[in-house]
Amino acid sequence: MTINDDGFIATRRLILQGALTVALVGLGDIPFGLAPALAAANDKYPEEAFKQKAEADAIKALYGRTAEPSDKVKLDAPEIAENGAVVPISVSTTLADVTSISFLVADNPNALAASYQIPPGTMPSVANRLKMAKTSNVTAIVEAGGKLYSATKEVKVTVGGCGG
Amino acid sequence: MKTLKRNPMQTLILVLVSAWLIGSASSAMAAGSEADFKTAYAAAEAANTQAGVLRDQWTTTASALSAAKKAAAAGDFDAAVAHAGQAEALAKASIYQATSEKEAWKNLEIH
Amino acid sequence: MASTIRVRATATGDTTEVQALIQHPMDSGFVKDAKGVLIPPHFIQQVTFEHDGKNVFVADWGTAVSKDPYVKFSFKGGKKDDELKISWVDNKGASDALTAKIQ
Amino acid sequence: MRSAIPLASAGLAFRSLALAALLGALAFAAPGPAVAAADTPDPVADAAAFQKYFTDKFPKLKLADFVNGPYSLNEDMHRQWVEKEEFPPYDFSLDMGKEMFSKPFKNGKSYADCFPNQGIGIRQNYPYFDTKEGKVVTLELALNRCREANGEAPFSYVKDEMAALTAYMAYTSRGKPFDIKIPNDPRALEAYQNGKRYFYTRRGQLNFSCASCHVQNPGQRIRAEILAPALGILNAMPIYRSEWGGMGTISRRFVSCNSQTRGVPLEPQADEYRDLEYYLSYVSNGLPISGPGARP
Numbered sequence: 020m021t022i023n024d025d026g027f028i029a030t031r032r033l034i035l036q037g038a039l040t041v042a043l044v045g046l047g048d049i050p051f052g053l054a055p056a057l058a059a060a061n062d063k064y065p066e067e068a069f070k071q072k073a074e075a076d077a078i079k080a081l082y083g084r085t086a087e088p089s090d091k092v093k094l095d096a097p098e099i100a101e102n103g104a105v106v107p108i109s110v111s112t113t114l115a116d117v118t119s120i121s122f123l124v125a126d127n128p129n130a131l132a133a134s135y136q137i138p139p140g141t142m143p144s145v146a147n148r149l150k151m152a153k154t155s156n157v158t159a160i161v162e163a164g165g166k167l168y169s170a171t172k173e174v175k176v177t178v179g180g181c182g183g
Numbered sequence: 015m016k017t018l019k020r021n022p023m024q025t026l027i028l029v030l031v032s033a034w035l036i037g038s039a040s041s042a043m044a045a046g047s048e049a050d051f052k053t054a055y056a057a058a059e060a061a062n063t064q065a066g067v068l069r070d071q072w073t074t075t076a077s078a079l080s081a082a083k084k085a086a087a088a089g090d091f092d093a094a095v096a097h098a099g100q101a102e103a104l105a106k107a108s109i110y111q112a113t114s115e116k117e118a119w120k121n122l123e124i125h
Numbered sequence: 008m009a010s011t012i013r014v015r016a017t018a019t020g021d022t023t024e025v026q027a028l029i030q031h032p033m034d035s036g037f038v039k040d041a042k043g044v045l046i047p048p049h050f051i052q053q054v055t056f057e058h059d060g061k062n063v064f065v066a067d068w069g070t071a072v073s074k075d076p077y078v079k080f081s082f083k084g085g086k087k088d089d090e091l092k093i094s095w096v097d098n099k100g101a102s103d104a105l106t107a108k109i110q
Numbered sequence: 008m009r010s011a012i013p014l015a016s017a018g019l020a021f022r023s024l025a026l027a028a029l030l031g032a033l034a035f036a037a038p039g040p041a042v043a044a045a046d047t048p049d050p051v052a053d054a055a056a057f058q059k060y061f062t063d064k065f066p067k068l069k070l071a072d073f074v075n076g077p078y079s080l081n082e083d084m085h086r087q088w089v090e091k092e093e094f095p096p097y098d099f100s101l102d103m104g105k106e107m108f109s110k111p112f113k114n115g116k117s118y119a120d121c122f123p124n125q126g127i128g129i130r131q132n133y134p135y136f137d138t139k140e141g142k143v144v145t146l147e148l149a150l151n152r153c154r155e156a157n158g159e160a161p162f163s164y165v166k167d168e169m170a171a172l173t174a175y176m177a178y179t180s181r182g183k184p185f186d187i188k189i190p191n192d193p194r195a196l197e198a199y200q201n202g203k204r205y206f207y208t209r210r211g212q213l214n215f216s217c218a219s220c221h222v223q224n225p226g227q228r229i230r231a232e233i234l235a236p237a238l239g240i241l242n243a244m245p246i247y248r249s250e251w252g253g254m255g256t257i258s259r260r261f262v263s264c265n266s267q268t269r270g271v272p273l274e275p276q277a278d279e280y281r282d283l284e285y286y287l288s289y290v291s292n293g294l295p296i297s298g299p300g301a302r303p
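Chains as they are written, first to last, in the numbering used here: chain A, 20 to 183; chain B, 15 to 125; chain C, 8 to 110; chain D, 8 to 303.
Bear in mind the hints are in silico, worked out from the structure with no lab data behind them.
A virtual CB, placed ideally from N, CA and C, is assigned to each residue, including glycine.
Any given hint might turn out to be false.
Unchecked claim - Some but not every residue of chain B turned toward chain D, in silico, with C-beta under 7 Å: (1) Q71; (2) W119; (3) L122; (4) E123.
Please work from the sequences and hints to get the whole structure.
Quick look at the structure:
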């Protein structure tokens, strides 16, 4: 997987941001439980990650590392989407210290669909409605304790009706 | 429950009739000229209007008519005449459908 | 003009479940209109949920979130009649905010 | 030598016509219901037979389940529907409708003055046969007539304003059973019969009738969509369709169904559509109103 130009710059900027946040936290008086993970804790909109086409690049741009599948991440998505425009997808997990949850649709024009920041005290489960261009794998990523866990499910999508 | 023998038979007739119509419409094609286009288009439009009276026009007839008009406007009368012939055939098939359904609809009725 | 944000926040015990539905076209920029012209991207990028002065949930959205977007989550520490402040901003800089009471 | 003009387009039309007709014959040659054309229509017997056909076809379903269309026939779809209904996308249209319904016209009157019981909880009685006019009057038509009678411009039958008004009026009738009456007037019986004939008549190049899909194949898939049963098919109207990303009135649904079978749609609220709505509502008498609804 070649890291294209903007992918490389994105990661470098990511690390800078991460360093900045860590530094700030040290100064700030808000007692953060643990040093915030690279990108997730800061409030800035992860512009780069949403621009990536491929799923792996998006995950890299967002978290700076790869995820390992885990049965502790429970992804709930339909087998056949009633309509690609409104696909109800939700995820919940029993993992502890969850700081971020993201949804990726591999075959969408841009893989990253949504990413949620989960501050301490918020339950690690999210439900939302996503758009899917066509049949594709849907992946939920959970960032817990600074590591990434994932679950993937295929959702079939086709056009409805008997055609024009 | 009576099996629906009539329905596929009736659809088969629909296919044969429209095949015959398209065949006759296309074989009458000589090298297309504006006059030929005008007559072919007029015939197609008349048939489609008749289908309108029977409240059963097809969207594909309308698109064939507009394709004919566009081709004629571009001066390509061969294609224009061909499209007009196609539109006439589709319009006639829709007329056949409307008239045959006057009674055939009862086949599906729930009793 | 009525707010574009509909929210239901119900506290049971010390857990508050929050559901939000926001009125927004969420145009991805990949769809063509009736005349075949691409509709430019116009979608909510970030939604912030604030309780007691701190963020309890932040949603970062891309172009694959459905029209009139919906999200559900829950958090600990909220109780009846607390205030929950919701605000969103989209890629054109438009925004809206609403302060709701936890039921 | 046959004329050399390559009639690809004519050939294409012929092939697609034949293919479509064949498709029509094969896919929908499932055994239809019994045939016995009664001379004078008997709506009461029709409605009983209509409801029996569907309860026999889906023995597990209660009568009221049919108002949820495809969601009562497929478990995966049902789950997606339940999740959507938690906070349904038609919520905005419902609020807009409620607001519009109470806002007086320029002349100070409002919709409440045009309808019995101020327009609240009456949707289940529409459409009704107007003996003065000798025609069927649908809720959408009555709303526009109310606007025109009060000097306001009528709304489009297929756009959001009409959907919002009918969504609110349907909401105020939720749970009330359809109660469509056919007065003792030969014109009413004829309107009912016209609606029935339209429902069963094949149209469009794909040669389907409403019955081909909603009587012969409910619960089957047509590409991604599960076909709804005809029984109770209007109970959830108006509907927010994910397909449209917006609200749709009964008029919009009839128009889009016609064009899907490559038939040219009639103008909204044409007599045939009003009679069709009359027939479809009558045979669903007794089933609860569940509008506004969400659909694929």
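Evaluation of the provided hints:
no. : hint : in the structure
1   : Q71  : holds, 4 Å
2   : W119 : holds, 4 Å
3   : L122 : holds, 4 Å
4   : E123 : holds, 5 Å
Taken one by one, the earlier hints all hold for this structure without exception.
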